[in-house]
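Please construct the entire structure, taking both the sequences and the accompanying hints into account.
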Amino acid sequence: QTVLTQEPSLTVSPGGTVTLTCASSSGAVTTVDYPSWFQQKPGQTPRALIYSTTEKHSWTPARFSGSLLGGKAALTLSGVQPEDEAEYYCLLHSGGGWVFGGGTKVNVL
Amino acid sequence: QVQLVQSGAEIKNPGASVKVSCKASGYSFATFYMHWVRRAPGQEFEWLGVINPTGGSRNYAQKFQGRLTMSTDTSTSTVYMALTSLRSDDTAVYYCARGGPSKSMDVWGQGTTVSVSS
Numbered sequence: 001q002t003v004l005t006q007e008p009s010l011t012v013s014p015g016g017t018v019t020l021t022c023a024s025s026s027g028a029v030t031t032v033d034y035p036s037w038f039q040q041k042p043g044q045t046p047r048a049l050i051y052s053t054t055e056k057h058s059w060t061p062a063r064f065s066g067s068l069l070g071g072k073a074a075l076t077l078s079g080v081q082p083e084d085e086a087e088y089y090c091l092l093h094s095g096g097g098w099v100f101g102g103g104t105k106v107n108v109l
Numbered sequence: 001q002v003q004l005v006q007s008g009a010e011i012k013n014p015g016a017s018v019k020v021s022c023k024a025s026g027y028s029f030a031t032f033y034m035h036w037v038r039r040a041p042g043q044e045f046e047w048l049g050v051i052n053p054t055g056g057s058r059n060y061a062q063k064f065q066g067r068l069t070m071s072t073d074t075s076t077s078t079v080y081m082a083l084t085s086l087r088s089d090d091t092a093v094y095y096c097a098r099g100g101p102s103k104s105m106d107v108w109g110q111g112t113t114v115s116v117s118s
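Chain order of the listed sequences is R and W.
Quick note on the working numbering: the first sequence kicks off at 1 and runs consecutively.
Quick note on the working numbering: the second sequence kicks off at 1 and runs consecutively.
Please keep in mind that the hints were generated in silico from the structure rather than gathered at the bench.
This one's a predicted model, so the numbers in the text were calculated from it and none came from an experiment.
Treat the hints with caution; some may be incorrect.
DMTMM-like, lysine to aspartate or glutamate: derived pairs with alpha carbons at most 20 Å apart [what the hints assert, rightly or not]:
| no. | chain 1 | residue 1 | chain 2 | residue 2 |
| --- | --- | --- | --- | --- |
| 1 | R | Lys56 | R | Asp84 |
| 2 | R | Lys105 | W | Glu44 |
| 3 | R | Lys72 | R | Glu7 |
| 4 | R | Lys105 | W | Glu46 |
| 5 | W | Lys63 | W | Glu44 |
| 6 | R | Lys105 | R | Glu83 |
| 7 | R | Lys41 | R | Glu85 |
| 8 | W | Lys12 | W | Asp89 |
| 9 | R | Lys105 | R | Glu7 |
| 10 | R | Lys41 | W | Glu46 |
| 11 | W | Lys19 | W | Asp89 |
| 12 | R | Lys41 | W | Glu44 |
| 13 | R | Lys72 | R | Glu87 |
| 14 | W | Lys23 | W | Asp73 |
| 15 | W | Lys103 | R | Glu55 |
For the chain R half of the interface with chain W, some residues (derived, Cβ under 10 Å), not all of them [as the list claims (entries may be wrong)]:
| no. | residue |
| --- | --- |
| 16 | Leu4 |
| 17 | Thr30 |
| 18 | Tyr34 |
| 19 | Gln44 |
| 20 | Pro46 |
| 21 | Leu92 |
| 22 | Gly103 |
The beta-carbon is built from N, C-alpha and C at its ideal position, and this holds for glycine as well.
This is the structure in structure tokens:
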């Protein structure tokens, strides 16, 4: 069973840039894992942000971008806004099913 | 707009069964697969399975084989998730999530809390 590891928490100043990563216990994350990212705020429904490594949904703000970085999936927030404070999760298609990361809490201070 | 509306909270005894519904609107129901995901208190999100809304195929996580059944009603654009032989560690918020482009989950339901306790 693949385990995905994310940073537990990161802090960024408003207007700054932060990169979150998602590492797989099965080895390097690649595009065929179809990494995606979603955001969840307390009491709210998860909101998808990125799919297929780099693609944005129609509602995804331009400041969010996805990539592969050193064998990991990565989500970069550029020009961070106070409303970006949330938990962020990666999701991979792996072994015929889907696996979630444990989430990264992004604090905007 | 695309919306997934789930049924209300459930409280069940150990050993009982639960059936949660997810009603889709705002898009062509037959075109998108539907996933079920859960999150237990203090735990990570966990994928349960996925169903083709026309009912042709299902893929369940191995952990839930034998206890999980997904079904659909195309006349009402509703997907159902039934879990049997409930245990306390099945206590969780259960979500339906539409299968989006490139194996993503692009729209999520609001979640249904299932509590299993004697």
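Hint check results:
Between the alpha carbons of lysine 56 of chain R and aspartate 84 of chain R the distance comes to roughly 16 Å, so the proposed pair stays at or under 20 Å and holds. Simply put, lysine 105 of chain R and glutamate 44 of chain W have alpha-carbon atoms about 13 Å apart, close enough for the 20 Å limit, and the pair holds. Between lysine 72 of chain R and glutamate 7 of chain R, the direct Cα distance comes to roughly 12 Å. Compliance with the 20 Å bound is thereby established for this hinted pair. In summary, the hint linking lysine 105 of chain R to glutamate 46 of chain W is supported, as the alpha carbons are separated by about 18 Å, within the 20 Å threshold.
At most 20 Å may separate the alpha-carbon atoms for a hinted pair to count; lysine 63 of chain W and glutamate 44 of chain W meet this at roughly 15 Å. A distance of roughly 13 Å separates the Cα atoms of lysine 105 of chain R and glutamate 83 of chain R; the hinted pair therefore holds under the 20 Å criterion. Among the hinted pairs, lysine 41 of chain R with glutamate 85 of chain R is consistent with the structure: their alpha-carbon atoms are about 8 Å apart, no more than 20 Å. A hinted pair counts as satisfied when its Cα atoms are at most 20 Å apart, and lysine 12 of chain W with aspartate 89 of chain W qualifies at roughly 12 Å.
For the hint linking lysine 105 of chain R to glutamate 7 of chain R, the alpha-carbon distance of about 8 Å falls within 20 Å, and the restraint holds. With a CA separation close to 18 Å, the supplied pair lysine 41 of chain R and glutamate 46 of chain W stays within the 20 Å bound. For the hint pairing lysine 19 of chain W with aspartate 89 of chain W, the CA-to-CA distance comes to about 17 Å; that is within 20 Å, so the pair holds. Between the alpha carbons of lysine 41 of chain R and glutamate 44 of chain W the distance comes to roughly 15 Å, so the proposed pair stays at or under 20 Å and holds.
Under the criterion of a C-alpha separation no larger than 20 Å, the hint pairing lysine 72 of chain R with glutamate 87 of chain R is consistent with the structure, at around 18 Å. Between lysine 23 of chain W and aspartate 73 of chain W the CA atoms are separated by roughly 9 Å; this keeps the pair inside 20 Å, and the hint holds. With a C-alpha separation of about 12 Å, the suggested pair lysine 103 of chain W and glutamate 55 of chain R falls inside the 20 Å cut-off, and the hint holds. Checking leucine 4 of chain R against chain W: minimum C-beta separation of about 9 Å stays under 10 Å; hint holds.
Restraint check, threonine 30 of chain R versus chain W: the minimum CB separation of about 13 Å is more than 10 Å; hint violated. With its C-beta approaching chain W no nearer than about 4 Å, tyrosine 34 of chain R sits inside the 10 Å limit, and its interface hint holds. Residue-level restraint check for glutamine 44 of chain R holds (minimum Cβ-Cβ distance to chain W is 9 Å; threshold 10 Å). Against a cut-off of 10 Å between C-beta atoms, the interface hint on proline 46 of chain R holds, since the closest Cβ of chain W lies about 5 Å away.
Hint status for leucine 92 of chain R: holds, given a least beta-carbon distance of 9 Å to chain W, under 10 Å. For glycine 103 of chain R, the suggested interface contact is upheld, since its CB lies about 7 Å from the closest CB of chain W, less than 10 Å.
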